[in-house]
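Take a look at the letters that make up each chain.
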Amino acid sequence: MNMLLKSAKIIDSSSPFNQKVKDILIKDGQIVTIADKIKEEKDIAVFTRENLHVSIGWCDMHTNLRDPGFEHKENIESGILAAIAGGYTAIACSPNTLPVIHSKSEVEYVINKAKNRAVGIFPIGAITKNLEGKDLTEMHDMLQAGAIAFSDGKKTIKNTGMIKIAMQYAKGINTLLIIHPEDKDLAPSGMVHEGVHSTRSGLSGSPSLAEEIMVSKNIELAAHYGVKIHFLAVSTSKSVELIRAAKAKGIQITAGVNAYNLLLDDSNIETFDSNYKVNPPLRTKSDIEALINGLKDGTIDVINSDHSPEDEESKIVEFDQARFGMIGLETAFAVINTSLNSKLSTEQIIEKIAINPRKILGIPSPTIAEKSKANLTLFDPSFKWTFGLADIKSKSKNTPFIGTDFIGKALGVINS
Amino acid sequence: MAENLSVKHLLGIKHLTLDDIQLIFKTADHFKEVINRPIKKIPSLRDITIVNLFFENSTRTRISFELAERRLSADIINFSASQSSVSKGETLIDTVKNILAMKVDMVVMRHPNPGAAVFLSKHINASIVNAGDGAHEHPTQALLDAYTIREKYGDVKGKKIAIIGDVLHSRVALSNIFCLNKLGAEVTVCGPATLIPQYIQELGVKVNHNLKETLNWCDVAMLLRIQLERQGVNFIPSLREYAMTFGVNLDTLNKIERPITIMHPGPINRGVELSSDAADSKHSLILTQVENGVAIRMAIIYLLAGNITISNFS
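The listed protein sequences correspond, in order, to chains A and B. For the first sequence, my numbering gives the first residue as 4, with consecutive numbering after it. For the second sequence, my numbering gives the first residue as 3, with consecutive numbering after it.
Any given hint could turn out to be false.
For lysine-lysine, the following BS3-like pairs were computed, each having C-alpha atoms within a straight-line distance of at most 27 Å [said to hold, decoys possible]:
| # | chain 1 | residue 1 | chain 2 | residue 2 |
| --- | --- | --- | --- | --- |
| 1 | B | Lys10 | B | Lys28 |
| 2 | B | Lys208 | A | Lys288 |
| 3 | B | Lys124 | A | Lys396 |
| 4 | A | Lys288 | B | Lys16 |
| 5 | B | Lys124 | A | Lys400 |
| 6 | B | Lys99 | A | Lys400 |
None of these hints come from the bench; they were simulated from the model.
Here chain B stands alone, though its shape is the one from the complex (with noise of 0.2 Å):
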């Protein structure tokens, strides 16, 4: 197995080969053993500095990736911003040079507008992590999901993958149809025939508008968070009709014949998409897919340090 990834920023998982995404899990391995040990911190990117840059709300993604800068020991600043005061004054290439010239290594973007980490690499020189760019990828959550898939069952191969709830407008939907897909799983869409975009199949899935179907067809059954409202549109209806026709609870989830696995990216909608007693229930992955993203996200930040420390000795 290759000992660098093949890519010098984490984009999309579109950019990554087979093998990156291997090296990356066999990385995460390792890191994962580290942060279940009484002392946590590894020396290893002493002299790295990363910028979190965000410029949408987030809470489980940023502290997820700052206690992964933390645990390596990297040195981190945090820059958050709503995307409406950007765009009033500084565009993001002069945000971002300005960060860079303060002497940062590595840059974490979370950003509302699709392919805004792809056009930030075309012009600067750090690497770039990918931390969501509006509907487009949202590598490092795709990465986490299927390595706890991975842990769960040994392989992602050739298991049943079934992604529910807003896909149209979800990069984590995108991202894991992907990663998915390179690795060998078989991936299902479902969700009302409004939030499923018209030509999702061509990316080889297949499209389910039946709930329950698609659970018994399933070994992971991935959830997505609903918004009633996306940029001033209704898609659906009510939550309540939501909840009603897609939404799991442990009752469904007993009626299914064979066990299956829940998994969501966070933060839930209790009652909506997902009932309490089906979220804490022993179906759920939700929290190791939380202690994996760190893990996950160790092991990307290493790699592509790695590239970067190469390259300055070069």
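If we strip away everything but chain A, and leave its shape as in the complex, we get (with noise of 0.2 Å):
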């Protein structure tokens, strides 16, 4: 790909460019030059707007592909698609397809399928076989095909011996566990968080405490076993508390939160609009508060999509009846720039949904540099914009945010 991409901010900490306006030559997927005026050639494309800032291409750590097995919700194609509008030129996705990514077949279906594209997949082992908690995958296996890291997506592991199990041998291989907290049994069939708008919707809450009892455990766990492990996501201020403790105490663990837990609270169940049935459940306010202020004091490393393809049949029907989950990965970067842009620095917004990712799961990270491949998003971080039906290249629709006002939005990635 050749592009010259003009008066381009760079936001990249890792480079002396950070922060300044440049141009950037691009020639066969290449940066060539990085300077302050480039002289336009000919046969390569020009790329000028106003407010431009470019940054390594965006790293998602929790996408759901739904292939294979669901593929009208879903598959590797549409999901690339929907990476790309998203801005994202990397994303780990998750096991909890059909079969299960539980052994090193999946994690090769996976990776052959998405080979050469603009977005890398890296594909995310189950724990236990069929994500049911009981017998180990052959971790191992997986890892030498391919699969990035290691969890049971949104099911959490029941029986702590089991726990045990996994942390141990996920250290002897060296790779890392990534954790779903939620206690089911506190809440069996809770769907919303429990609160006052559960109680006035009558809806069945599942308590903060569900989840802060998992990472309180998974803390102690993982501290007595000297094993890594990384929170998929967190929704409650006393999960940042906890965290903010264990890492204060040199405790190895990293933590994520999705986009919508940062602009959504829970008053929105009270319209009984099953796309704000998500996983953790939209909180409240100040849990949102806490949420953010653990993103700026580095407790909470990485924002995710939580890209949750699901048909009009799993969510145009009861709140009860429908499944969680949102699309979110052609959103993400709007929602998380909605809600942080008066709070983070934009440096800071991109070391969440681009290095940090990338760093947790031992990715190579790209660099703006000259003579360095191009693996870049291109970005507008004040651009006001509605996002619309037109906006989804996802196969599903599910998202609260058609008709929303955003601002910030993803403009384009260069990756070959």
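Both chains are given apart, each in its own frame, so use the hints to dock them into the complex.
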């Protein structure tokens, strides 16, 4: 790919050009020149736009591709298009497919289908067979085949003995476990945050405690067995506190938060719109504030899209009957930036959506430098726009954000 | 006072204004007089067709609605389906759209999921009356309860109402809290701590786990039906222990310093939340509630049907 980016503000804390406005010349997928003013050449497309920003390509740690098994909701092809629309050049996909990504064959299936695309796809393998929390998968074999980390998706392993074994084994093969902290016993049918809005709506609530108790338990286990773990997504203020305290003690944990948990609070559930049925559930305004503070001080490392495509049959039904999740790749940056733009710097936001995810997963980070491969996201953090149906590239349309006004937009990616 | 409701549907008390509630009461006054005449039927809604859509078992609510509809001369059809048979096949929207395609004007729906009526209202045009949706709301029950209190005491404002029993799983409790709050009553909920929602106080009610204290405080005690098991979990150790700690009998009532009124949405578990001697005593307004249920439902259907006619001709 050949392209000349004019007057792009470079956001890359590792680059000497950080925060500088430069022209960037890309030839055959490689950054050739970064300079104040580069002359336009024949046969090289020029990209000019007011307030153009450029960073390394973004990386999502939590995308649900529905391929294999639920290709009518999303397949790898449509997932890639959604990722590009959202500014991502790398996504780690959950093992909750059918079959589950729980052996070498499924890992290879995903990797082969996604080869040589503008978006790198990094499959996450299951910790236990069929995500049942009972028997360990062949993690080593999957790791060799290209699995980037291991997780049971949004199933939490209940049995503490099983978590112990998974942690010890993961440590032995030097890989990362990603944990979804939720104690389902506290609220077997919980589907929204337990609070005043669940009480008013009669919807079955899941208390913040259900998350916190598992955050706490897994911190203790990780500390005891000396293993690195990553919390997929936390959503409560107490979880942030627990992680902050654990990090201060030097325990090797990292944590993510889902974009929607930064913008939407639990009052939305009173509409009974199933697009607000997500996991972790939408929490209170004070939880949102605590999450933002956690992002600011580095307690929370990563922001996920938690892209969860669902068909109409799974969503345009009674709230109780609906499946959890909303699509998120196309809106993640807009949601994050709208929520955070006055509280975190653009550089900090990029850290959470591009730099830290790769660091945690162990994916080599691209750089913005001459002679390096171009792996870039173009964006405008102050652009005001309204999200519409036409902006959705995913096969599924389950989002509450149609018609929402956002600040900040991903403009495109360069990655070949 | 307004002559029309501010809403097209009756989805919950939450959505009603105080004026709406007063209008429903005033209209029910009229219908209560009508149903006590020798000829109980009026031709008001001869051109209206109503479907009673019950996705959950109900005897008394369904009969009450059906009678209200018949007294108003509406055409009615009844549809009962257990949730399981529907979930295997047709979606809720499809079921209702099929019925509406046969030119039905109004839907009365009982459904096991909270928010089902709100959800349906976003996808169909007909007026909807929520006859109970999961643990969310049961607005007609709350209206008939408040109406009964108003009838007995002249006004609901300032009255002290205790709601006793399984508040956690009760749409009746929730709708009553919304309704009584709007009408200016004071509400206390009482029951075993496992059956009282943790955040209920934020709805403007007090919580007391002591039955005796609660009965001594209140003017009206609304008792709720107790089920031992909910979704496979026992929230109380036994019905026997419940009856011992929260059951109301004539002896308890006689020991209270001042007379109080007992209400129950039915069906009663005699000997559990309420003993027979108390249920059938002078304290009890249970059968008045049932009678008022028909008048209140007539009023609601009549008022909502008024909106239908207006929209059809405008």
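List of violated hint numbers, smallest to largest:
Result: no hint breaks.
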